[in-house]
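One letter stands for each residue in the lines below.
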Amino acid sequence: MRHLTAELAEVWRFRALFLQLVRRDLKVRYKNSKLGFVWSIAPPLMQVACITFAFKNATTFAANFDSYSAYVLAAMIPWTYFQTAVLDSSQSILMMYGVIRKVYMPREIIPLATSVSNFIHFAMSWLVFFAYLVFYLRAPLLPTLIWFPVLVLAQFFLVTAASLVVSCLNVFYEDVKYIVTVLFNLGLFVLPIMYLPEQVLHSPTMRSLWGGWAARIYMWNPLAVLISGYRKCMLEAPHPSVLGGNAAAPFDPGSVLAILGVSFVALVLSYVFFNARKWRFVERP
Amino acid sequence: MSGSPKPSIRLAGLRKTFVLQHRHAGSLKAAMLSIFRPPRLERREVLRGIDLEILPGETVAVVGRNGSGKSTLLSLVARVYKPTSGEVTVNGTVAPLLELGAGFHPDLTGVENVELYGAILGLGRREIQAQFDSIVRFAFDRPDLAEKIDTPLRNYSDGMKMRLGFSIAVHTDPAILLVDEVLAVGDEAFQHKCLDKIAEFQERGKTILFVSHDMVMVRRVAHRVVWLQDGVVLRDGPTADVVDAYMVEPGPSAVAVASPG
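For the protein sequence lines, the chains are A and B, in the order given.
Each residue of the first sequence is one higher than the last, beginning at 1050 in the numbering used here.
Each residue of the second sequence is one higher than the last, beginning at 164 in the numbering used here.
Treat the hints as calculated values from the structure; they're not laboratory data.
A few of these clues could be false.
Calculated pairs, DSS-like style, for lysine-lysine (alpha carbon to alpha carbon, straight line, at most 30 Å) [unchecked claim]:
#1 K1226/A <-> K192/B
#2 K169/B <-> K245/B
#3 K324/B <-> K360/B
#4 K1080/A <-> K360/B
#5 K1226/A <-> K1076/A
#6 K169/B <-> K360/B
#7 K169/B <-> K192/B
#8 K245/B <-> K1076/A
#9 K245/B <-> K311/B
#10 K356/B <-> K311/B
#11 K311/B <-> K1080/A
#12 K1226/A <-> K1105/A
#13 K360/B <-> K1226/A
#14 K311/B <-> K324/B
#15 K356/B <-> K1076/A
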């Protein structure tokens, strides 16, 4: 632990470079088009629109579900953040390879900067969500909204942890980014983005599979917990008819605190993992 | 050495061993498959006990044939590698000259790249802004070049990137400048400016450590030459003596002089 705090002090010493790297990431991201931020949030919004179109027309649950689009958007924003941050960080160290071969810097600031610049974009994306919620859907702001910052913080820890591990592995193994891309394609269906986790938990197949354990394991996925938490703290529960007559489980602060703890532990462990390998990134005779 | 000033760079018993993997698993798939067949590891001792002191104001050239450990030595002074054993002590800020503007981003303008690159070399934003005009003037002395500073870097030629990179590095005003074979950048006029800048550094008492195969350059710039062979210091002394001995050395080193890089 002492060792880790010394490494963090070194990161703090290089904060000017860290801020420049964050600025660079944001500038490059918003520079390639005149519309900047608006353009870069368009893809997830279009995805939400298409999912809403497909599910509203093809499924009965979505057809009866008034705020279905808000539910999809509340899942798509955190999911897009997770994906882009981890994918960007997988390339981040290799992009700076020519520099770290010649100049000293604490190498963790490279994936950390990618994680933070994506976090800033993520935070701004929620403004679009709240605008949609308040001005278009005219939905009330729930008191459980005070848990929203805790969820955001937990997700920042989780994304940074994944970024550290993936950026480090990608230096040594060139296929990491392809594996990650494939997993992300699966995530869109496995995670409760287009549907509600209760539909999985209540489904007769899942309840009987492995003596009920399959459903339990499904909710061990930290991203599923986060997505479910975001929705429940911001949006009113769907009408029981959406869930075949069952009421949705209420917002559970315990699960939010649990995910915060799990994400923090993941962050510490991934930092240990990164530090054990960071000196080998450029070592070639 | 008692009574002399504190050295800028001090290497004591410095060793560096690389662990090479034959049949390196370049992919996660291959790494998983090779769990049952652990790769054969080879240890290569690149530096085998270097003791060296470089005083403030000295310009020291490191020569030696390819694979003698010159670049490894420079990387250890830059703290890019961790020593296997021994110690590297550096007094003062170190600025390495990067090759070809590594660290530049093609989508950012020249101005934005100067800020980023300056930060990489340890400058704060205010320091960069204070030096900005001087950096641009040094890199682009012609007005048709200077007006490109507000356009994205992908519009720059390689020569322009090199000029800008060199200019930022020398403007960071380090106590110690590390140069790895990049002194000869740009056209003849710019090379001349680089040598002038090096001379100015020397006059101001800065320490310069550089690696070169170009003996003309070494004779012109260095006060002292360290000749590395197989990871140990073979000779260390005044430029003329060591370069003369190095040039007449028969065998592989003569080949290395003929084909730098």
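Checked hints:
1. K1226/A <-> K192/B: holds, 12 Å
2. K169/B <-> K245/B: The hint holds at about 23 Å.
3. K324/B <-> K360/B: holds, 18 Å
4. K1080/A <-> K360/B: violated, 35 Å
5. K1226/A <-> K1076/A: holds, 23 Å
6. K169/B <-> K360/B: Holds, at about 25 Å.
7. K169/B <-> K192/B: violated, 52 Å
8. K245/B <-> K1076/A: Given pair K245/B, K1076/A is violated - Cα atoms ~33 Å apart, limit 30 Å.
9. K245/B <-> K311/B: violated, 40 Å
10. K356/B <-> K311/B: The given pair, whose Cα atoms are some 21 Å apart, holds under the 30 Å limit.
11. K311/B <-> K1080/A: holds, 18 Å
12. K1226/A <-> K1105/A: violated, 34 Å
13. K360/B <-> K1226/A: Status violated; Cα separation ~44 Å.
14. K311/B <-> K324/B: holds, 12 Å
15. K356/B <-> K1076/A: This hinted pair is violated, its Cα atoms lying about 33 Å apart.
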